[in-house]
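Asker: Protein chains in written order, with the numbering used here: chain A, 1 to 113; chain B, 1001 to 1113.
I should point out that these hints are in silico values taken from the structure, not numbers from a laboratory.
Careful, some of the hints might be misleading.
[Unchecked claim] DSSO-like, lysine-lysine: derived pairs with alpha carbons at most 30 Å apart:
id: 1; chain 1: B; residue 1: Lys-1078; chain 2: A; residue 2: Lys-71
id: 2; chain 1: B; residue 1: Lys-1024; chain 2: A; residue 2: Lys-68
id: 3; chain 1: B; residue 1: Lys-1024; chain 2: A; residue 2: Lys-105
id: 4; chain 1: A; residue 1: Lys-42; chain 2: B; residue 2: Lys-1024
[Unchecked claim] Far from chain B by the CB rule (all over 10 Å, computed), these chain A residues:
id: 5; residue: Asp-17
id: 6; residue: Ile-34
id: 7; residue: Asp-49
id: 8; residue: Thr-69
id: 9; residue: His-72
id: 10; residue: Ala-79
id: 11; residue: Asn-98
id: 12; residue: Leu-101
id: 13; residue: Lys-105
[Stated by the list, open to error] What follows is a list of derived Cβ distance ranges for each label pair:
id: 14; chain 1: B; residue 1: Arg-1100; chain 2: A; residue 2: Gln-76; range: 21 to 29 Å
id: 15; chain 1: B; residue 1: Ser-1073; chain 2: A; residue 2: Gly-16; range: 30 to 38 Å
id: 16; chain 1: A; residue 1: Ala-29; chain 2: B; residue 2: Thr-1111; range: 36 to 44 Å
id: 17; chain 1: A; residue 1: Val-70; chain 2: B; residue 2: Pro-1008; range: 26 to 34 Å
id: 18; chain 1: A; residue 1: Gln-45; chain 2: B; residue 2: Gly-1059; range: 41 to 49 Å
Glycine included, each C-beta is placed from N, C-alpha and C at the ideal position.
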Amino acid sequence: GESVGLHLPTLSVQEGDNSIINCAYSNSASDYFIWYKQESGKGPQFIIDIRSNMDKRQGQRVTVLLNKTVKHLSLQIAATQPGDSAVYFCAENSGGSNYKLTFGKGTLLTVNP
Amino acid sequence: DAGVIQSPRHEVTEMGQEVTLRCKPISGHNSLFWYRQTMMRGLELLIYFNNNVPIDDSGMPEDRFSAKMPNASFSTLKIQPSEPRDSAVYFCASSLLAGREQFFGPGTRLTVL
């Protein structure tokens, strides 16, 4: 089956810098995407989502960009803080009666003080 | 509001023993998912319930695994007999609408010796 994958398994940034985490998806039928953050010892936590009829959505310090042409999703974190250190997963859903979220392998973000 | 509740948080058992993991979904959510997370395989969907009915158990590894959802506020995942390769973190997640945002519990870290 089709799957979601990540370009970068690890990302290290300095505190205060902006972070960009990338995700490639292969299912062109996917119409809903989510970014999750997972801190050590905790379950994945919802950050932001986006539907395929949008190409950008902003939250608090986070922005998700969707490029359907190249099937690429990114999460931008502004002014990265040590508390942002975690594993970030993208997930996709192909809509319709599909109840499944397909998760990527995750990217480990480390923020250096 | 309370999120998804899982118990126990940690379980250490010996090979061959029965293990029961428990989950209380968010009130009002009609979709419940059990996942297993390992470094090698990432997040794997084991089983999905909708309105307390198992819809898809294709992710259940083998007959040693079983899951039940006797009512809308409780689900169990049982492994009998357990094996060392079952060692992983098991997450329960619930959602209001299948295919959309899932809320994860804190997970149960299972170690089978």
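Asker: Would you mind marking each hint as holding or not holding in the structure?
Answerer: Each hint, compared with the structure:
As the CA atoms of B/Lys-1078 and A/Lys-71 are separated by approximately 38 Å, the hinted pair breaks the 30 Å bound. As the CA atoms of B/Lys-1024 and A/Lys-68 are separated by approximately 37 Å, the hinted pair breaks the 30 Å bound. Pair hint B/Lys-1024 plus A/Lys-105 holds up; C-alpha atoms about 26 Å apart against a cutoff of 30 Å. Taking the CA atoms of A/Lys-42 and B/Lys-1024, the gap is near 16 Å; set against the 30 Å cutoff, the hint holds.
For A/Asp-17, the non-interface assignment is confirmed: its Cβ lies about 27 Å from the closest Cβ of chain B, beyond the 10 Å cut-off. The Cβ of A/Ile-34 does not lie farther than 10 Å from every Cβ of chain B; its closest approach is about 6 Å, which violates its non-interface assignment. Non-interface status of A/Asp-49 relative to chain B is broken: a Cβ of that chain comes within 10 Å, the nearest being about 6 Å off. No Cβ of chain B comes within 10 Å of the Cβ of A/Thr-69; the nearest lies about 23 Å off, and the non-interface call holds.
With a closest Cβ-Cβ approach of about 20 Å to chain B, A/His-72 is found to remain outside the 10 Å limit, as its non-interface label requires. Chain B leaves A/Ala-79 outside its interface by the beta-carbon criterion, the shortest separation being 25 Å against a cut-off of 10 Å. The Cβ of A/Asn-98 does not lie farther than 10 Å from every Cβ of chain B; its closest approach is about 6 Å, which violates its non-interface assignment. Not every Cβ of chain B is farther than 10 Å from the Cβ of A/Leu-101; the closest lies at roughly 6 Å, contradicting the non-interface assignment.
Against the 10 Å criterion, A/Lys-105 falls within the reach of chain B, whose nearest CB is about 5 Å from its own CB. Between B/Arg-1100 and A/Gln-76 the C-beta distance comes to about 23 Å, which sits within the given range of 21 to 29 Å. The supplied range of 30 to 38 Å is broken by B/Ser-1073 and A/Gly-16, whose beta-carbon atoms lie about 44 Å from each other. Checked against the hint of 36 to 44 Å, the C-beta distance between A/Ala-29 and B/Thr-1111 comes to roughly 39 Å, which is consistent with it.
The beta-carbon spacing between A/Val-70 and B/Pro-1008, approximately 44 Å, falls outside the hinted interval of 26 to 34 Å. Here the CB-CB span from A/Gln-45 to B/Gly-1059 is close to 22 Å, at odds with the stated 41 to 49 Å.
When the structure is compared with the earlier hints, violations turn up for hints 1, 2, 6, 7, 11, 12, 13, 15, 17 and 18 and for no others.
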